[in-house]
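Going down the list, the sequences are from chains A and B.
Every letter in the first sequence is one number past the one before it in this note's numbering, and letter 16, counting from 1, is 16.
Convert by adding 1000 to the 1-based position in the second sequence; the result is the number in this note's numbering.
FYI, nobody ran anything at the bench for these hints, they're computed from the structure.
Given the structure is predicted, the values throughout are model-derived calculations rather than measurements.
Cβ coordinates follow ideal geometry from the N, Cα and C atoms, glycine included.
Treat the hints with care, since some could be wrong.
Stated by the list, open to error - Here are some of the chain A residues that sit facing chain B, going by a computed Cβ distance under 8 Å:
# : residue
1 : Leu-4
2 : Arg-5
3 : Ile-8
4 : Glu-36
5 : Val-38
6 : Pro-40
7 : Ile-176
8 : Ala-179
9 : Ile-208
To be verified - Computed beta-carbon distance windows for the label pairs:
#  : chain 1 : residue 1 : chain 2 : residue 2 : range
10 : A       : Glu-114   : B       : Glu-1188  : 52 to 60 Å
11 : B       : Ala-1060  : A       : Glu-114   : 51 to 59 Å
12 : A       : Gly-49    : B       : Ala-1057  : 34 to 42 Å
13 : A       : Asp-46    : B       : Lys-1042  : 40 to 48 Å
14 : A       : Gly-53    : B       : Asp-1025  : 44 to 52 Å
15 : A       : Thr-195   : B       : Glu-1188  : 32 to 40 Å
16 : A       : Asn-63    : B       : Gly-1050  : 57 to 65 Å
There are 2 protein chains.
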Amino acid sequence: MAKLRLNITMSLDGYVAGPDQSEEDPIGVGGQELHEWVFPLKEFRDMHGGEGGETNASSAVVNERWANIGATIMGRNMFGPIRGEWPDESWRGWWGEDPPYHHPVFVLTHHPREPLQMQGGTIFEFVTDGIESALARAKAAAQGEDVWLAGGASVINQYLAAGLVDQIDLSIAPVILGAGERLFDGLERGSVKLTQTRAVDAPGVTHIKYQVG
Amino acid sequence: MAKLRLNITMSLDGYVAGPDQSEEDPIGVGGQELHEWVFPLKEFRDMHGGEGGETNASSAVVNERWANIGATIMGRNMFGPIRGEWPDESWRGWWGEDPPYHHPVFVLTHHPREPLQMQGGTIFEFVTDGIESALARAKAAAQGEDVWLAGGASVINQYLAAGLVDQIDLSIAPVILGAGERLFDGLERGSVKLTQTRAVDAPGVTHIKYQVG
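Please model the entire structure based on the sequences and the hints provided.
Below, the structure is given as structure tokens:
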């Protein structure tokens, strides 16, 4: 059965994005520092049309994360910096005309918008009727593969609180952000049952995987 | 030179103790769950006068943490549940007459109290003139060995903010506490520079070590 998988990088003080997201700071102020472990990887450069890069203990982890994913769910703030009503159709995501998803991406928002067909197989669909609806649509679209819960923190925490996440693979970066979007916020004690299934010591990051439930 | 070393277990949502500490819940409600990985260890049972126990990937980690420690610093709430003035001399810590420290323990408090000589080499000394004074006294008492920064979160966060911690060995437990005492709280972005030096995948816990500064 298709799983809802959360793969994300968190600072040591619990943030998955810095404060004050903007077009200049898509992951908030300081948020880029979370991902310094991934930028040098050959796997990352391949995916973003770059060249070279290195292979290290993180390589197998990112390959596993990106494999068998047939659809993605994200919050509206992960899709872009615009708040409130869509002023027009001009914002098409942070990733250019060929985003690195290559499958349907379901964007949770309160404001309806027509689907956005991009190059390379990515289509952004805007879901206004809640997280369970988005999950049902994503699972159907994934055609037997898993669904990636991409972020941000608010959407992730809603899915966690609702008991809908099956697996977490968390990268813990050696960074203190001090402010921003906090993962695992607002959850009640014991509401998420976790079993650690592996941890990987990689250059500048630790990857810990949990089975949920 | 003597180092100030922080060795502590944190929940996935960032807490090192649950809420509502009391004589019945020394680590707050749910706080015991943080330490489930350590209770089965032979090393833990040996230290607390028990028998049996197992050896696993955590064993080398706890042996390393407990080695070369000549003094401990803790906050007043880690020493006991009493707040405000000491009503009398009757509270002598959570650990009975032979606490597992076997060296000088400096307790930070606003309320003066005479030193408390316990069995087995532990002596509790109460420090009222601040964290730097406690560190200087602990380093002198440690006689060339390192100083363990034991907790709780409030004291640890003060030492981190002051740039006085040299090394962190953090155990991350697969637990959501939802409330309690938060580690790394109130720190500014970039105020603590961390370099990950190793991570250990152990049963039910991940241990990550950082060099600070």
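Practice prompt. Please name the hints from earlier in the document that this structure breaks, with their numbers sorted from lowest to highest.
Written response: Numbers 1, 2, 3, 4, 5, 6, 10, 16 - these are the hints that the structure violates, sorted from lowest upward.
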